[in-house]
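Peer 1: The task is simple: from the sequences and hints, build the whole structure.
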Amino acid sequence: MSENKSNWPLWEVFVRSRQGLGHKHVGSLHASDAEMAIGNARDVYTRRQEGVSIWVVPAESISASSPSDSEALFDPANDKVYRHPTFFVLPDEVNHM
Amino acid sequence: MDALLRLGDDALVLAQRLGEWCGHAPALEEDIALTNIALDLIGQTQSYLSLAGSLDPDAPKTDDELAFLRSDREFKNLLLVEQSNGHFGDTIARQFLFDKYALLRAEHVAQQTFDMDAAAIAAKAVKEIRYHADHSSKWIIRLGDGTSESHSRIQKSINDLWKFTGEMFAADEVDIAGSIAGLLPDLTALKTQWDEEIDKVLLEATLVRPEDGEMKTGGRTGVHTEELVTMLAEMQVLPRTHPGASW
Chain A
1325 MSENKSNWPL
1335 WEVFVRSRQG
1345 LGHKHVGSLH
1355 ASDAEMAIGN
1365 ARDVYTRRQE
1375 GVSIWVVPAE
1385 SISASSPSDS
1395 EALFDPANDK
1405 VYRHPTFFVL
1415 PDEVNHM
Chain B
4 MDALLRLGDD
14 ALVLAQRLGE
24 WCGHAPALEE
34 DIALTNIALD
44 LIGQTQSYLS
54 LAGSLDPDAP
64 KTDDELAFLR
74 SDREFKNLLL
84 VEQSNGHFGD
94 TIARQFLFDK
104 YALLRAEHVA
114 QQTFDMDAAA
124 IAAKAVKEIR
134 YHADHSSKWI
144 IRLGDGTSES
154 HSRIQKSIND
164 LWKFTGEMFA
174 ADEVDIAGSI
184 AGLLPDLTAL
194 KTQWDEEIDK
204 VLLEATLVRP
214 EDGEMKTGGR
224 TGVHTEELVT
234 MLAEMQVLPR
244 THPGASW
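Which chain is which? The protein sequence lines are A and B, in order. In this text, residue positions in the first sequence follow the working numbering: the first is 1325, and each later residue adds one. In this text, residue positions in the second sequence follow the working numbering: the first is 4, and each later residue adds one.
If you are wondering where the hints come from, they were derived from the structure by calculation, not from laboratory data. In this text, all values refer to a predicted model and were calculated from it rather than measured experimentally. By construction, the Cβ of each residue, glycine as well, lies at the ideal position given by its N, Cα and C atoms.
Which bits of chain A does chain B cover? Going by a derived footprint, with three or more residues having C-beta under 8 Å, they are:
hint, segment
1, 1355 to 1361
2, 1367 to 1377
Ranges of calculated distance between the beta carbons of each label pair, as one might list FRET restraints:
hint, chain 1, residue 1, chain 2, residue 2, range
3, B, E207, A, L1334, 22 to 30 Å
4, B, R133, A, S1352, 24 to 32 Å
5, A, S1377, B, G89, 30 to 38 Å
Peer 2: Shown next as C-alpha cells:
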C-alpha cells in the first residue's frame, strides 16, 4: 500500500442514516473525482448498513472557524439561557425538534 | 446440481483471488472495495453451494465440504476467475469481463421459475453484481482513458485475458440442459448482450476489443490451469490439516 503513494485529493464524507434526518459527517477519504469519492464512500463508510444517502465534498472547499477565535465566537452565548426553547411546551403533533 | 456448482465455484474462486488483495491494494479505499466485493461473492458461494450440496444424489454435503474438501478436478469454475491477480489492472480487467457476464447470468437466474431457491439467491446477487460491474467498468474507463501508461497496461491486461472469455459462452451439455429446463440462460443470446456491454465500456475507455483468437476451455469440466491448484492449496490447507476445526 505504501509503494504507490496516493495523490488523489481529499474528500469529506457525509452520510444520512436510516433514521437520521440530516447528513452527518463520518470521515474523509481520497478519490480522483466526485464519482469515485461516492463509490469509495459507499465501500468505506456504509458497509454495515449505516446509510441511505451519501454526500461528498472536496475537503479544500470547507472553511473552518479558527480555534483561536473560539472565545469570541462561542463564549458570549454562555449566559443566555433564555435562547433555549425549553420554556415552551411542544404540542404532540410536532416531531423532530 | 452441476449448474449450481458452476455458479458457486465461479463466485468462490474469484472471491479467494480478490481476498489476496487484502492489505495490498494501491489505495486504502480500493483495498476495502475489493474485499467488499470478495465478501459479496462469498455470500453468493455459500448460498449456491449449500443448495448444490443438498441436491447431491449420493450424500448431501455442506457448503464448507464442497469448498474445502474437493480437489481441483472437481471444481467447475471458469478458467478466467482462477487466473492470478497480476497487477491491479489485470485484476480489474478480469473482474470487468466476469462481472458483465455474471450480471446477465444472474438476471436470468433471478427471473426463471424452474428453481425458486436459485432464483432467490440470484435476486440478491443481482444487486451486488450490479455494483461490482459498475465499479470495474469505471476503473476500465479511468485506466483506459487515463495516462498513456495506464492505457497501454490495461489494454494489455484485456488482451492477455481475452483467451479465457470464450469459455463463458461455450455451451456444453450442462448448459444446454440447464437452458432447456430454464435455469440457465441461452449462452448464444447472452453472448450478444455481453458483447454490447463490453463494447460500450471499451469504446468509452478508448480501448480496442481484441480479436477472438484461440480460446482456452476446460474449467467447466474440471480441467484447470495450475493457477487453481496453488490457490486451492492455500485456501484449503486449514480445514484439511485440522478437520472440523472451528472458531
